[in-house]
Amino acid sequence: MTFAWKAAGITYNRYLAVASRVVRRSLKDEKRLQADRRGEQDLRFAKWQNGKQGEVKNVGEANAAAMVQAANAPAS
Amino acid sequence: MLSRAARPALRAGGAAVSSRVAAPSTATFATLREIEGRLKSIRNIEKITKTMKIVASTKLTRAQKSMRDSRTYGQSSNEVYESAETKPIEAEGKKKLVVVCSSDKGLCGGIHSGLSRFIRRTKAEENIDLVIIGEKCKQQLQRSNAESIVLSFAGAGKDIPTFAEAQAVADQIVQLSGDYSGIEIIYNKFINATSYEPTIIEAFSKEALLESPNFSAFEVDDEAVLGNLREYALANSLFWALSEGHACEISARRNAMDNASKNAGEMIGKYQILYNRTRQAAITGELVEIITGAIASEDM
Numbered sequence: 198m199t200f201a202w203k204a205a206g207i208t209y210n211r212y213l214a215v216a217s218r219v220v221r222r223s224l225k226d227e228k229r230l231q232a233d234r235r236g237e238q239d240l241r242f243a244k245w246q247n248g249k250q251g252e253v254k255n256v257g258e259a260n261a262a263a264m265v266q267a268a269n270a271p272a273s
Numbered sequence: 002m003l004s005r006a007a008r009p010a011l012r013a014g015g016a017a018v019s020s021r022v023a024a025p026s027t028a029t030f031a032t033l034r035e036i037e038g039r040l041k042s043i044r045n046i047e048k049i050t051k052t053m054k055i056v057a058s059t060k061l062t063r064a065q066k067s068m069r070d071s072r073t074y075g076q077s078s079n080e081v082y083e084s085a086e087t088k089p090i091e092a093e094g095k096k097k098l099v100v101v102c103s104s105d106k107g108l109c110g111g112i113h114s115g116l117s118r119f120i121r122r123t124k125a126e127e128n129i130d131l132v133i134i135g136e137k138c139k140q141q142l143q144r145s146n147a148e149s150i151v152l153s154f155a156g157a158g159k160d161i162p163t164f165a166e167a168q169a170v171a172d173q174i175v176q177l178s179g180d181y182s183g184i185e186i187i188y189n190k191f192i193n194a195t196s197y198e199p200t201i202i203e204a205f206s207k208e209a210l211l212e213s214p215n216f217s218a219f220e221v222d223d224e225a226v227l228g229n230l231r232e233y234a235l236a237n238s239l240f241w242a243l244s245e246g247h248a249c250e251i252s253a254r255r256n257a258m259d260n261a262s263k264n265a266g267e268m269i270g271k272y273q274i275l276y277n278r279t280r281q282a283a284i285t286g287e288l289v290e291i292i293t294g295a296i297a298s299e300d301m
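So the sequences go chain by chain: A and B.
Note that this note's numbering has the first sequence beginning at 198, numbered continuously upward.
Note that this note's numbering has the second sequence beginning at 2, numbered continuously upward.
No wet-lab data here; the hints were simulated from the structure.
Because the structure is a prediction, the values reported are computed rather than measured.
Beta carbons are placed, not taken as given, at the ideal position from N, Cα and C, and that holds for glycine.
Just so you know, not all the hints are guaranteed correct.
Stated by the list, open to error - Derived pair list, reagent style EDC-like, types lysine to aspartate or glutamate, alpha-carbon separation capped at 16 angstroms:
no.: 1; chain 1: B; residue 1: 96; chain 2: B; residue 2: 127
no.: 2; chain 1: B; residue 1: 159; chain 2: B; residue 2: 136
no.: 3; chain 1: B; residue 1: 271; chain 2: B; residue 2: 83
no.: 4; chain 1: B; residue 1: 159; chain 2: A; residue 2: 227
no.: 5; chain 1: B; residue 1: 60; chain 2: B; residue 2: 160
no.: 6; chain 1: B; residue 1: 207; chain 2: B; residue 2: 83
no.: 7; chain 1: A; residue 1: 244; chain 2: B; residue 2: 37
no.: 8; chain 1: A; residue 1: 254; chain 2: B; residue 2: 127
no.: 9; chain 1: A; residue 1: 244; chain 2: B; residue 2: 136
no.: 10; chain 1: B; residue 1: 159; chain 2: A; residue 2: 237
As the list claims (entries may be wrong) - Cβ-Cβ distance ranges computed for the label pairs, FRET-style:
no.: 11; chain 1: B; residue 1: 94; chain 2: A; residue 2: 218; range: 39 to 45 angstroms
no.: 12; chain 1: B; residue 1: 264; chain 2: A; residue 2: 222; range: 46 to 52 angstroms
no.: 13; chain 1: A; residue 1: 265; chain 2: B; residue 2: 217; range: 37 to 43 angstroms
Just chain A, with the same shape it has in the complex (with noise of 0.2 angstroms):
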């Protein structure tokens, strides 16, 4: 049993990512506000490589790009 999602590449945690915010976008405004800020996040993060620092990224677009990168991989 292979699952749709885990073709597109997406991981796991990027699939429950996905459905938690479609969930919260559902609700109605005054309680989706407060479950908004529970979806957020804004991590930054760098590579590092023999010590050094590398560039620093957003972890959302990072992982965005990842799961692309995966979803194109194998049917290439």
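Chain A is fixed; fit chain B onto it per the hints.
Frame of chain A, contents of chain B only:
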């Protein structure tokens, strides 16, 4: 016109004051000014630390609530491993991945350096790779363990950690290319409002779960599910560690600021007394001079 007219008078007055004071003792006058200045700056510092303490106190209740909530996440996901009696694999030559949960902000006592010291002490000989969440620990570990750092995150812990943050971090860790025997998450365990302890949560790899003695208790259709479980469990454990670390940090900051305000209060008291005494001494000195002068001129 008026100002110009007033100016000579002012100058004269000022000259009179300065000459009168300067003549008896320039030293006392200077220290009086100095003490006043120092008092003022200490008062300002006290104001700042008090405000920070109040901010931390209000945040603390929320942080502790989220910590309690997040414990459920971590513990319920660990339930699987407990009932499977999973043990970390003792693999030779394989690296361990250590995730350090600190944060970006300082002014909270020894929270971050406690974590760094724990890593230096316990992991000195082991072959590990480090993933560091938070600027503070990054700066500290950069000096000693720069070679083993593979990832560092910034921007976590500004507010209460969200599950989305934990997920994003977990995703990045999963994408790491290295082959690791297991993942250890190191965070500050909240014991009570004044004490914390660097603690390890084990996040097991898929192989460790497969090899666990009681694994047959679970019915698994597809092994792909285990990979998902591992990712999800990692996010859960990270969320737990981040929340608990956050609560520790806030409570440590509250304590640190409380102590700072107390110390500032003590210093203010001391300086106030010193200031009053010096002022009194200066006044007494001046009085003595005036009286002696008066008596001397009376005699003549």
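Each hint tested on the structure:
Distance hint between residue 96 of chain B and residue 127 of chain B is fulfilled; the C-alpha atoms sit about 8 angstroms from each other, no more than 16 angstroms. Distance check on the hinted pair: residue 159 of chain B and residue 136 of chain B sit about 12 angstroms apart at the alpha-carbon level, within 16 angstroms; holds. At most 16 angstroms may separate the alpha-carbon atoms for a hinted pair to count; residue 271 of chain B and residue 83 of chain B exceed this at roughly 58 angstroms. A hinted pair counts as satisfied when its Cα atoms are at most 16 angstroms apart, and residue 159 of chain B with residue 227 of chain A does not qualify at roughly 24 angstroms.
For a cut-off of 16 angstroms, the pair hint linking residue 60 of chain B to residue 160 of chain B stands: about 9 angstroms separates their Cα positions. For a cut-off of 16 angstroms, the pair hint linking residue 207 of chain B to residue 83 of chain B stands: about 15 angstroms separates their Cα positions. For a cut-off of 16 angstroms, the pair hint linking residue 244 of chain A to residue 37 of chain B is broken: about 51 angstroms separates their Cα positions. The straight-line distance between the Cα atoms of residue 254 of chain A and residue 127 of chain B is roughly 29 angstroms, outside the 16 angstroms bound, and the hint therefore fails.
Pair hint residue 244 of chain A plus residue 136 of chain B holds up; C-alpha atoms about 14 angstroms apart against a cutoff of 16 angstroms. Among the hinted pairs, residue 159 of chain B with residue 237 of chain A is consistent with the structure: their alpha-carbon atoms are about 12 angstroms apart, no more than 16 angstroms. Between residue 94 of chain B and residue 218 of chain A, the C-beta spacing of about 41 angstroms keeps the proposed range 39 to 45 angstroms intact. Checked against the hint of 46 to 52 angstroms, the pair residue 264 of chain B and residue 222 of chain A passes, with Cβ atoms roughly 49 angstroms apart.
Remark: the range hint 37 to 43 angstroms for residue 265 of chain A to residue 217 of chain B is upheld by a beta-carbon distance near 39 angstroms.
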